[in-house]
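S.K.: What follows is the residue order along each chain.
2 protein chains.
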Amino acid sequence: MNPTDKDFLAQAIQMATDNVAAGGGPFGALLVKGSQIVAASANQVVADHDPTAHAEIMTIRKAANILKTFDLSGYTLYSSCEPCPMCLGAIYWSRISRVVYASDRKDAALAGFRDAHIYQEIKLDPDQRMIPFEQIDVPQKGREFTDWIASTQKMTY
Amino acid sequence: MNPTDKDFLAQAIQMATDNVAAGGGPFGALLVKGSQIVAASANQVVADHDPTAHAEIMTIRKAANILKTFDLSGYTLYSSCEPCPMCLGAIYWSRISRVVYASDRKDAALAGFRDAHIYQEIKLDPDQRMIPFEQIDVPQKGREFTDWIASTQKMTY
Numbered sequence: 013m014n015p016t017d018k019d020f021l022a023q024a025i026q027m028a029t030d031n032v033a034a035g036g037g038p039f040g041a042l043l044v045k046g047s048q049i050v051a052a053s054a055n056q057v058v059a060d061h062d063p064t065a066h067a068e069i070m071t072i073r074k075a076a077n078i079l080k081t082f083d084l085s086g087y088t089l090y091s092s093c094e095p096c097p098m099c100l101g102a103i104y105w106s107r108i109s110r111v112v113y114a115s116d117r118k119d120a121a122l123a124g125f126r127d128a129h130i131y132q133e134i135k136l137d138p139d140q141r142m143i144p145f146e147q148i149d150v151p152q153k154g155r156e157f158t159d160w161i162a163s164t165q166k167m168t169y
Numbered sequence: 013m014n015p016t017d018k019d020f021l022a023q024a025i026q027m028a029t030d031n032v033a034a035g036g037g038p039f040g041a042l043l044v045k046g047s048q049i050v051a052a053s054a055n056q057v058v059a060d061h062d063p064t065a066h067a068e069i070m071t072i073r074k075a076a077n078i079l080k081t082f083d084l085s086g087y088t089l090y091s092s093c094e095p096c097p098m099c100l101g102a103i104y105w106s107r108i109s110r111v112v113y114a115s116d117r118k119d120a121a122l123a124g125f126r127d128a129h130i131y132q133e134i135k136l137d138p139d140q141r142m143i144p145f146e147q148i149d150v151p152q153k154g155r156e157f158t159d160w161i162a163s164t165q166k167m168t169y
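Chains as they are written, first to last, in our numbering: chain A, 13 to 169; chain B, 13 to 169.
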């Protein structure tokens with residue numbers, strides 16, 4: 013019998029629970045096609061001193077490295093919790109086809125995580141955020157895009 | 013004479029331009045404290061087969077690895093272009109204090125990049141997005157957060 017969405021979610025939550033017991037953050041994720049898990053990871057922020065090492069990011073990085081492609085269309089990502097804005101961005105860039113999760117940003121907030129806060133901040137104009145985002149004009153602005161558009165050797169992604 | 017915001021931006025744009033010449037994506041970033049550059053990277057998506065390897069993510073990962081911390085408060089990130097939602101998330105998680113950029117999401121769209129599209133998608137309810145985000149309930153839901161809240165050995169991040 014093929015594993016169901018609920019089976020994969022239970023596995024992601026088990027990874028998250030095991031990670032807490034090992035001193036890590038309470039998040040786990042799996043990337044799946046059909047009934048095959050191609051990559052999985054728990055949160056590695058503390059272990060790796062890497063603020064980007066969320067379970068979903070690590071799973072995407074592992075899968076892309078195994079499959080040697082930045083295009084993960086056709087795959088489903090299972091996560092113990094709703095992906096944060098960083099991980100949502102990674103999901104769009106990697107063209108993952110479907111995302112399934114158990115807890116959400118409100119549950120994460122109750123456990124002390126800032127996902128919901130970042131979802132609020134991202135909607136604001138750049139100069140209205142808690143972290144100031146400032147656009148400054150320089151004469152060199154846009155040269156890289158002009159070169160990119162003209163390039164005959166580029167690989168779009 | 014100390015380098016100015018415009019000097020650091022020009023350097024980020026130069027990295028982006030050099031990266032295009034080398035076959036990579038048109039983006040560069042630097043992380044700075046005072047007048048000291050602690051880490052820098054161009055976009056590495058194609059070279060690394062890594063959809064998360066944006067210039068800002070790579071710069072944050074390098075700096076965190078060098079400094080052995082996931083907390084980059086006090087640092088300024090200079091980027092050739094406005095950070096995408098993924099990179100914005102990474103900036104918030106790493107507590108970077110200030111972000112400065114030259115081109116923005118509209119310029120990136122003209123060059124064929126989906127930053128502005130992802131900014132639109134992230135505002136939508138999860139089940140209204142082009143990539144479906146589905147919350148499914150399972151009996152195990154939230155165990156990892158209960159354990160995390162009870163843990164006496166956790167390092168919050």
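Hints should not be assumed to be uniformly reliable.
Remember, identical chains collapse to one label, so a pair may be satisfied in a single copy or spanning two.
[To be verified] Straight-line Cα separation of at most 27 Å, DSSO-like style, residue types lysine-lysine; simulated pairs:
1) K118 / K166
2) K118 / K80
3) K135 / K166
4) K135 / K80
5) K80 / K153
6) K166 / K45
7) K74 / K166
Quick caveat, the hints were computed from the structure, so don't treat them as lab data.
From a predicted model like this one, the values you see are computed outputs, not experimental measurements.
S.K.: If a hint holds in the structure, say so; if it does not, say that too.
M.R.: Hints versus structure:
Only between protomers do K118 and K166 lie at most 27 Å apart by alpha-carbon distance; the minimum there is 20 Å, versus 41 Å within a single protomer. Proximity of K118 to K80 under the C-alpha cut-off of 27 Å is found in neither arrangement, the shortest distances being 35 Å within a copy and 30 Å between copies. Taking the shortest Cα distances, K135 and K166 never come within 27 Å of each other, neither inside one copy (32 Å) nor across copies (31 Å). Proximity of K135 and K80 under a CA criterion of 27 Å is satisfied in neither setting, with 33 Å inside one chain copy and 31 Å between copies.
Proximity of K80 and K153 under a CA criterion of 27 Å is satisfied in neither setting, with 32 Å inside one chain copy and 33 Å between copies. When the C-alpha separation of K166 and K45 is checked against a cutoff of 27 Å, the pair qualifies neither within a copy, at 29 Å, nor between copies, at 33 Å. Taking CA atoms no more than 27 Å apart as the test, K74 paired with K166 passes in both settings, with 24 Å inside one copy and 25 Å between copies.
The structure fails to meet hints 2, 3, 4, 5 and 6 from the earlier list, while all remaining hints are met.
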